[in-house]
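Novice: Residue-level listing of the chains:
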Amino acid sequence: MDIWSQVFSFQDYGELVVLVQNSIWAGAVLGIVGGLIGPFVVARNMPFAVHGISELSFAGASASLLLGVNVVTGSLVGSVIAALLIGLLGSRARDRNSIIAVLMPFGLGLGILCLALYKGRAANKFGLLTGQIVSVDNPQLTLLVVVAAIVVVTLLVIWRPLMFSSVDPDVAAAAGVPVRTLALVFMLVLGLATAVSVQIVGALLVLSLLVTPAAAALRLSSHPVVVPVLSTVFAVVSVVGGILLALGGGLPISPYVTTISFVIWVVCRIVGGRKDKRGRDRIVRRDQRDGGAPRLQADDADHRSAAGRKEGATA
Amino acid sequence: MTTVSHPTTERTATAPGSGGPAVLELRDAGLSYGSRALWSHLDLDLAPGEFVAVLGPNGAGKTSLLRTVLGQQRLTSGTMSFLGQPVRRGHRKIGYIPQQRLMDAGTPLRARDMIAQGVTGSRWGIKPASRAERSRVDRILDEVGATAFADAPVAELSGGEQQRTRVGQAIAADPALLLCDEPLISLDLRHQRGVTELIDRQRRQQDAAVLFVTHDVNPILDVVDRVLYIAGGRFRIGSPDEVLRTDVLSDLYGTPVDVVRTMGRIVIVGANDAHDHHCDADPNAATPDDGRI
Numbered sequence: 001m002d003i004w005s006q007v008f009s010f011q012d013y014g015e016l017v018v019l020v021q022n023s024i025w026a027g028a029v030l031g032i033v034g035g036l037i038g039p040f041v042v043a044r045n046m047p048f049a050v051h052g053i054s055e056l057s058f059a060g061a062s063a064s065l066l067l068g069v070n071v072v073t074g075s076l077v078g079s080v081i082a083a084l085l086i087g088l089l090g091s092r093a094r095d096r097n098s099i100i101a102v103l104m105p106f107g108l109g110l111g112i113l114c115l116a117l118y119k120g121r122a123a124n125k126f127g128l129l130t131g132q133i134v135s136v137d138n139p140q141l142t143l144l145v146v147v148a149a150i151v152v153v154t155l156l157v158i159w160r161p162l163m164f165s166s167v168d169p170d171v172a173a174a175a176g177v178p179v180r181t182l183a184l185v186f187m188l189v190l191g192l193a194t195a196v197s198v199q200i201v202g203a204l205l206v207l208s209l210l211v212t213p214a215a216a217a218l219r220l221s222s223h224p225v226v227v228p229v230l231s232t233v234f235a236v237v238s239v240v241g242g243i244l245l246a247l248g249g250g251l252p253i254s255p256y257v258t259t260i261s262f263v264i265w266v267v268c269r270i271v272g273g274r275k276d277k278r279g280r281d282r283i284v285r286r287d288q289r290d291g292g293a294p295r296l297q298a299d300d301a302d303h304r305s306a307a308g309r310k311e312g313a314t315a
Numbered sequence: 001m002t003t004v005s006h007p008t009t010e011r012t013a014t015a016p017g018s019g020g021p022a023v024l025e026l027r028d029a030g031l032s033y034g035s036r037a038l039w040s041h042l043d044l045d046l047a048p049g050e051f052v053a054v055l056g057p058n059g060a061g062k063t064s065l066l067r068t069v070l071g072q073q074r075l076t077s078g079t080m081s082f083l084g085q086p087v088r089r090g091h092r093k094i095g096y097i098p099q100q101r102l103m104d105a106g107t108p109l110r111a112r113d114m115i116a117q118g119v120t121g122s123r124w125g126i127k128p129a130s131r132a133e134r135s136r137v138d139r140i141l142d143e144v145g146a147t148a149f150a151d152a153p154v155a156e157l158s159g160g161e162q163q164r165t166r167v168g169q170a171i172a173a174d175p176a177l178l179l180c181d182e183p184l185i186s187l188d189l190r191h192q193r194g195v196t197e198l199i200d201r202q203r204r205q206q207d208a209a210v211l212f213v214t215h216d217v218n219p220i221l222d223v224v225d226r227v228l229y230i231a232g233g234r235f236r237i238g239s240p241d242e243v244l245r246t247d248v249l250s251d252l253y254g255t256p257v258d259v260v261r262t263m264g265r266i267v268i269v270g271a272n273d274a275h276d277h278h279c280d281a282d283p284n285a286a287t288p289d290d291g292r293i
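Those sequence lines, one after another, are chains A and B. Residue numbering for the first sequence is 1 to 315, as defined by this note's numbering. Residue numbering for the second sequence is 1 to 293, as defined by this note's numbering.
None of these hints come from the bench; they were simulated from the model. Since the structure is predicted, the reported quantities are computational estimates derived from the model, not experimental observations. Hints may be right or wrong, so weigh each one.
[Claimed, not checked] Listed next, the stretches of chain A that the computed footprint assigns to chain B, with coverage defined by at least 3 CB atoms under 8 Å from CB atoms of chain B:
#	segment
1	3–13
2	36–46
3	166–174
4	214–223
[What the hints assert, rightly or not] If you anchor each label on the Cβ, the simulated ranges turn out as follows:
#	chain 1	residue 1	chain 2	residue 2	range
5	A	R92	B	P21	35 to 45 Å
6	A	R94	B	G145	30 to 40 Å
7	B	R92	A	N45	18 to 28 Å
8	A	V267	B	S81	48 to 58 Å
9	B	V260	A	G273	49 to 59 Å
Note that beta-carbon positions come from the ideal geometry of N, C-alpha and C, so glycine has one too.
Okay, chain B solo, but in the shape it has when bound (with noise of 0.2 Å):
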């Protein structure tokens, strides 16, 4: 399988972030499906604070990579741990948040219950919360601007609203890891910006390490510290400015890409037709008029 030295695997060792032990150890790492080998050698600490964004084109195994952390699939070799044990099935110091996937009528649930359930929604028997974590829950309420809407059902909330509870609800459980499986689709740019500052925050004061996959990084560029870029079985980790270059692109695809920076924004141009990107059809991706400058 091809590998591509990437030239920055000593920033591993002085990832941004508050240092200590990495959160999430990934050595030598590799994922494949029969005989396609979506990524392999793959060697990643993420440090406690640090924000690490997966891009590169759909089917690359930036999801696959959530999966394995996550314990839903197994890597193919090499190994994965975190905090200094093996991962397995979920953990209750890892916060989740998925896609927008608007919840059903009918779910018994107000804000406040699902922001409660990141605090005792694994918890065993009906004794009810105590004292603390009702107040913990309406300090979270308050953080991610839900108090508002605290006590109306979810399922009555607006797509924005629900992904603002669901950061809530991630944080609430305090978690070492933030992962994030496209947090941020189907948003509007108001709303991007509002959960991409909750989760900035979140790790700047609590430590928590972020792995934002993402097909655009756009709305979380000046926030991340780090970008794994996978494409076609290879990978590039390193600062968005050393993996966000026309050469560097165009030697892990393969082919020709320009990345073209403008108004602040970055733009990947020429590698389309193998995939979509940042300048595919999503009506958020890629507008020039989203103020970003």
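The shape of chain A in the complex, shown without the other chains (with noise of 0.2 Å):
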């Protein structure tokens, strides 16, 4: 059982939670960040995106402890970069996948690159790819919650147009949302979102942060509300949790978070199941009710791939 009082280790606890405590509070901080930014990651199908800044957030990040300045600050750096260079390059669909897909091994391969230029500790270099318990300390806890306050006050704020051009771009653009200026707002945010994330859950784990709870939200509801708070709410459960998961051991606390964050997802996957279930059989006792003939399932995909082409040419 040597492994598992390694993974599993409560001794002290106390003391330890007291030490952490800046941590916990960067951890719940990020949760509510995540988990109120994840349904527009989905909404607006963006995963690979934050994925792409996350490697740029890591090359920033390790460039700034290569100079010895401010690891935080560097990784903004680097995730506003690459976030804006997404948002203005690849304002389509298919240009963006591939925008992403060139940075994100440059972005990679530059931290790499520091990094082996970096003497100091290796723990510090390990911790920016897979998160770190490193005790937060007080000015760092802060930017912390100044870059998270600014990301949360900014969704608030433009979250209803942002919404309507996230599921229908065309259609608010048509009602006068500024589609565009909302895109490259939201790539701002998200960059930042993703570049504190990357403090805690480390660059190649921030996808169980800003789209886990987001896409386990989303199998149990569709209301506007409901999705958001329920994301938020798995989103704090998986950081604080997996924190204090790893207090004791001395393990880094990524797959703490990560499992934590997966296992939701997959409760909520069978509990959704069952209510995909019953929305298809609403649909049939509605068609059935209502007299009309079957649905052409397969017009209607041809016909969604020709819009999907279309959106993607004129977004």
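Work from the hints to combine the two standalone chains into their complex.
Specialist: In structure tokens:
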């Protein structure tokens, strides 16, 4: 049971919790950020962008480690540059994916170069990729909270138009919603959110914070208020729970966070699967009651892909 | 560029509808890509409550016309104004009904929320909708027959249900102009009729002008006031009876076409080689047994 005691150790737990309370606060704040931005990431189909941004965030962080400047600032700079590049160059979905695929390995390579040149503690290096529970000091916590507050307040202000333009960009644009400006603002906010999340879960695992909780929430509900609330609860539980479990052992925090968030998603998926079936039954009942012909599934699929192409061309 | 002297220009002054100043005004408007002119010297006044269908083969510039109204594309010549102002990028008073595009699974909206977007979708902040706004959404849900699935996720709705919800979303903003871009495509005949009736009712009750791009005029034939037929860089405007005629369309296409009226439907024969039109392979377009007599 050696591994077991390494994975779960609760010796001197009370003292440890006090020691890392800054980290716990930081985790809770990040959970709120990830939970609120997640539904938009899913609605805008941008999980890959999150991954790309986090790799450039990693490059920025490792560069600042090498140069001996503030790591959080470095990862913020990397993130925001990546987010703006993706936002400006990749307004169409197809372009966007290839731009991300170009940027991502470049960022990762740059980061690895900086880490190889860095002569400091190896734990610092590893931590940038896979997350760490290094005691977050007070100035760092302040910076995290300020950035997180910017993200959350911006999201709340642009919430409705952003959701409108995320699910239906053409219709929103027709109604006068500034779709392009919102897209750029969202990328900026996403860059900030990614950079702060990298601090806790690491560059490789940011998706577990910015996407998994929202994906889980969307399995349970489509309610525009319930989804972000659930997603926030899931994200906070994952991060804070992960930190608390990781305290005792000497292991990185990220496996705990990712596992909790994954388990939540699995449970939601199973529960939501039943709901899907009920939804299908409802449609069949409505169709029968309306006395209509059955839907032309193949036809729908055809038009869907055609419309998708069209959207790609006009977005 | 060749321009047809359209025989019915005087109609623009006395267009059907309730009168009043034009909702949409095009003066000598033209659009071209490089040296290829889609249309030019287009004068069009869209009166409140007027229903104008935009017809023509693929690539004639029907959708481009909508894009210029939405400010997504600039006219190469002439002017266009909406409610007396130059067009800008989108407008609160424009309701846009696109081609059916099924919503992705995982869209965090119910049918009710999609219609609410028509009312509050462009508002900043998270102040909850007022009681009046919520009851307006309820009323529109009822109007478009969406009450039964008001609380179902939009991605779970059938194609026809989604399209009815879209119409609800568009009319929820009480628009002065409804822009429809092939909204009936891929709908079965029952839903085509349903959606057409909703749009028609909105323009009659709320005096919204309708600009309706379609490749098949038949589903909307009994509600259309005027037809704008674009083909080969030229166009004709007039009532369906004035435009959808063998001589007029043969002249427009520059090649003999036959406009056949049969069982209350209009079928255009002979123009298929150059483009796809009423007789194309679209399963909904020209089925002779659709009961529209």
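Novice: Evaluate each hint against the coordinates.
Specialist: Cross-check of the supplied hints:
{"no.": "1", "hint": "3–13", "result": "violated (count 0)"}
{"no.": "2", "hint": "36–46", "result": "holds (count 4)"}
{"no.": "3", "hint": "166–174", "result": "holds (count 7)"}
{"no.": "4", "hint": "214–223", "result": "holds (count 5)"}
{"no.": "5", "hint": "A:R92 with B:P21: 35 to 45 Å", "result": "holds (38 Å)"}
{"no.": "6", "hint": "A:R94 with B:G145: 30 to 40 Å", "result": "holds (37 Å)"}
{"no.": "7", "hint": "B:R92 with A:N45: 18 to 28 Å", "result": "holds (27 Å)"}
{"no.": "8", "hint": "A:V267 with B:S81: 48 to 58 Å", "result": "holds (56 Å)"}
{"no.": "9", "hint": "B:V260 with A:G273: 49 to 59 Å", "result": "holds (52 Å)"}
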